[in-house]
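Could you put the whole structure together from the sequences, leaning on the hints where they help?
Just so you know, the protein sequences line up as chains V, Z and U, in that order. At position 193 of the first sequence (counting the first as 1) the number is 193 in my numbering, and the numbers step up by one without a gap. Heads up, my numbering is the position in the second sequence plus 329, with the first residue counted as 1. Heads up, my numbering is the position in the third sequence plus 843, with the first residue counted as 1.
Derived by calculation from the structure, the hints in this document are not laboratory data. Don't take each hint at face value.
[As the list claims (entries may be wrong)] A few chain Z residues that face chain U, going by a derived Cβ cut-off under 7 Å, partial list only: (1) Val550; (2) Gly656; (3) Val659; (4) Trp699.
[Claimed, not checked] One-sided excerpt, in silico: chain U residues whose CB lies under 10 Å from chain V: (5) Thr870; (6) Asn879; (7) Asn1072.
[What the hints assert, rightly or not] Anything over 12 Å on all C-beta distances counts as not near chain Z; from chain U, calculated: (8) Leu848; (9) Gly961; (10) Glu986; (11) Val1018; (12) Gly1037.
Remember, predicted model here, so these are calculated numbers, not experimental data. Glycine is no exception: its CB is placed at the ideal position from the N, C-alpha and C atoms.
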Amino acid sequence: MRTRWTRSRLVSLPTLVTYGLLGMACAGSPAPTDDAGAPAAANERPVVALVMKSLANEFFLTMEDGARAHQQANPNRYELVAEGIKDELDVARQIDLVEQMIARGADVLVLAPADSQALVSAAAGAVEAGLTVVNIDNRLDADALAERGLEIPFVGPDNRGGARQAGEVLAATLNAGDEVAIIEGAPGAYNAIQRRLGFEDAMQAAGMSVVASQSGYWEMDRANGVAAALLLAHPDLTALLCANDSMALGAAAAVRAAGREDDVAIVGFDNISAVQELVRDGTVLATVDQHADQIAVNGIEHALVILDSGETPADLQTDVTLITADTIP
Amino acid sequence: MTDPGAVFVATGLEKRYDVPVLTGVDLDLRPGECHALVGENGAGKTTLVKILSGLTPASAGGMMLDGAAYRPRDRAEATSRGVRTVLQELVAVETLTVAESLFLERWPHRWGWIDRDALARESRPLLDRVGLQHLDPGQPMASLGIGQRQLVEIAAAVHRPCRLLLLDEPTAALTDAEAQRLFEVLADLQARGTALLYISHRLEEIRRLADRVTVLRDGRVVASEPIAAVSTDALIQLMVGRTVSEAITRTTPATDRPALQVRGLDAGPAVQDISFDVHWGEVLGFAGLVGAGRSETMRAVYGADDAHRGEVRIDGGEGGQRFASPGQAVEQGIAMLGEDRYRQGLLGTLPVRVNVALACLGRLARRLGWMDRTAEQTAVDALIRRLRVKCTSAEQPVDHLSGGNQQKSLIARWLLREPRILIFDEPTRGIDAGARAEVHQLVAGLADGGSAVLLVSSDLRELTTLSDRIAVLSKGRLVATFEGPDFDPEAIMTAAFSGHVAPHLTPPDHADHA
Amino acid sequence: MREGLSLVGVLVALSLGFGLLSETFLTSASLATIANQLPTALTLAVAMTLVLVAGEIDLSVGSVLAVSQGVLGVAMTQLGWSWPAAIAAGLTTGLLAGLVNGAIVVRWALPSFIVTLGMMEAARGGAYLVTGSRTQYIGADIEWLADISWLGLSAPFLAAVALVILAEVLLTRTVLGRQAIAIGTNEEAVRLAGIDTRRVKLTIFALAGLLAAVAGVMQVARLASADPNAGTGFELSAIAAAVIGGTRLMGGRGSAVNSSLGVVIMGVLATGLTQIGVQDPTKRLVTGGVIVLAVIADVYRQRWAGARQHAA
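Below is the structure:
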């Protein structure tokens, strides 16, 4: 207990200082509600704390909207407190948020960890404090959980399966032996790894040659630079498989700049609104909708079931939908 | 030559920066002796103290301490050899407590934690010894008056074995009672065999304390005598040397048309209800002790600092206004050469050309703010020649120049602007004799040409030589104005001290601001 | 000028090195690709150089870029504005952000580090608000800007080169540039010389904001999308490029041309390392090393120049 506290405070000190300086601390503190801070009595509605990654990211915004809509449809079943961090890599801030949720007496923690490893101790703290914890979106590291003897159920989309489906759509348009390259998400992120594995599954199965696999850090501009360099280094490249749609947009711009729209195909992931026009006109061959609005809802439902029944936690995989020019609404 | 009983001997010490500051200085100090070091500003006294205390190395020459070679690399080494210094400029760290300042070099500690109890315990006798019985060792230095800080510094300097104590103007900021206490502490040290090297401008003080006196002039020792063997007049004569070559001849008398009229100017405790007139063609000198408010007055007139009351009138024009910024003053034809040329004037890393052109960029530009490089080059080169600024070219960075040539570059900056009223604050501080004479000629020439000059100087000889009239400030007030050409230096000094003879001599920090 | 030459030397050495390691690197297509990636970074480095020379810093350039392009993107996709009107709106946003930075720094005499750190957060928030945190895909309505090219070099790149030259002229040949350099060297001396230092600083910050918006427009043209997350960390890249180019962080010295060479060196490194297949951790290691080496080299170059001056 003591170590955990010390460690997380150390990690988060610079963040706290920054927030304090800017007078923005209020942005991260739990939203005031009429019964804020009061421990939930047994017969009251349980408080569900939803801690997500960057709300600057359309994906998590959609996730939050879905959860809020669900709570409004079921006002008597639970109370929702939703929080997100500033950017996807602000791990220390997310740890602070989890601790704040514990402190304000939440009953359920639904957590989309910014980092698979770094959030394990915070999640363990929540379990110790008696919260029902459900892991969504990005899976906590299995070894780290086992080491602490923790079982935290995971509710999330099948990233690997979705990526494989998108890859299969692509493979159908190529010939065996064609050169393809992967633009990965942030190194070490669970979903980045899963999507890369999914792409690789599909490419191997179809006998394609993956000539390069580099990180674009989920960002459009970086992916654009990486794609441009890969296009130069590999004149025979036939496809770029991007681990999210922002990077697919960046890659599309690079392909266009190189004048190779007819030779190089692109696939993405996430089905953000900006990419839909490119899917319609065929610039992006396929993307994957993981139903962001349902991910948090599924997590919350799963947690409420555990809370009610006290049954052994189990994982739950949610569906993903392949989006192509044919299926896009 | 050397005295076998001497605790400290220096032979042929030299120090050169861009110009020689010290040349062939011999000095010997005997145990228990108080040895006075006197000389004009810039004679090299402070440089000599800095060499002895390890703050700067000598360029040549040797030193012996207790019969062993002495060449301190830094102040810590000097301290460890028993040479301690109380410097003119206080270096107190304001956030430390009195006790922490006393033991700055070696705080009592246990496993890296400062032992606060031991600190307080060991501080007490040290403070008692310098007459600060009522001071709490836990008080922060910032809360002390200047006099008390000085005594704390002295206490810090003498609480460890001390073979040689260097004091640079130790009584400048002390009240009479504090000074008395200091003299007792010094007498006690002397009795234990510590040699004192005592720098002071206060000749009567020296006459009372010192056994021997060494006179420095232009970096050379011009006399070293028992104090009893030399009269005060003779001492002044030795310090000043002969001044015939520095005589300034003014060709055109001052007019009686006012150029600048200042009325009731208030700006903080340093500037209180100051009023004066300067006329076209006149040099008005400003005398006073350090901290009398001369620079502050000039800055308030110029708009560099905010004044909260008073008015400034130019050429008999509209009253009721002050300058809100230096820019407004410059627009009205005023220029100010600040007292600290590094902080207030020089663009150190930039070429002489850029430094000289700075105040005139608008006039050296064509349309749309486009610099006219040819016009700039021509104008700057002309001034470099006119003021004989010694530089390899106008493109040489100004911080590679000697102090005198830096000062001439700054004067060139203002001459290019052709102001009608010039404020010179300590224009010859820290520059060599040759440049100093040239600056004097320039100031006189400007007044002869019809400009009005306000001249602040701590050098009374400079003031009396150049000024038509001298205004004396003391403790933020203008206490007297003297008419030239024959000034009575003693009367000026008396006036300068007049603000300090009030019965309650409180340090400035505790001054009543009502 | 001499420092410029040494940077060109580094650049040539790097290019030859990558040319040896990758047969595709030293081709005109490759070099044009690198060039066309650079306009955003070049323009930001120019903005940063102007501010650093005046002894200040602007940490908000990346966020101001994002909010400006957010305004541009929303104006075109959601409000249906024509491209000139949308670009004008984007540029005005940047200019206003710069003016706010400058006005606060000048009015309350605050350190620009903290003021622009605040603007970095505020402008990023503005970018999310205006776009609803959604990337705006604009497409052909804007990307034709990046398609105009001359000898394979895109219009944004040529515009960025023009801005570098303009900024160099501003610094070396105009009253404003001279005043900025002087303020960066010794602000109090400049004030006492009768110059309104506040007006100069306000102008410099406004220019920096405007240039950040220009950089935003360039990025939108290249990527055909306006991204509220754009420009994250670009302020540090701009500072690094300026420092590689010999700009003094404390002010008083800097050259837009040399800073732009710093940008080109970083760009060549990024593309070259990707082309030879170096993985990201190594890329960062090498890039960081080059930044620090450049600063160390600058220390020696200055000592050498100083010694020469003294000998002269």
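How the hints compare with the structure:
no. : hint    : in the structure
1   : Val550  : 31 Å, violated
2   : Gly656  : 5 Å, holds
3   : Val659  : 3 Å, holds
4   : Trp699  : 6 Å, holds
5   : Thr870  : 8 Å, holds
6   : Asn879  : 6 Å, holds
7   : Asn1072 : 6 Å, holds
8   : Leu848  : 18 Å, holds
9   : Gly961  : 27 Å, holds
10  : Glu986  : 35 Å, holds
11  : Val1018 : 4 Å, violated
12  : Gly1037 : 3 Å, violated
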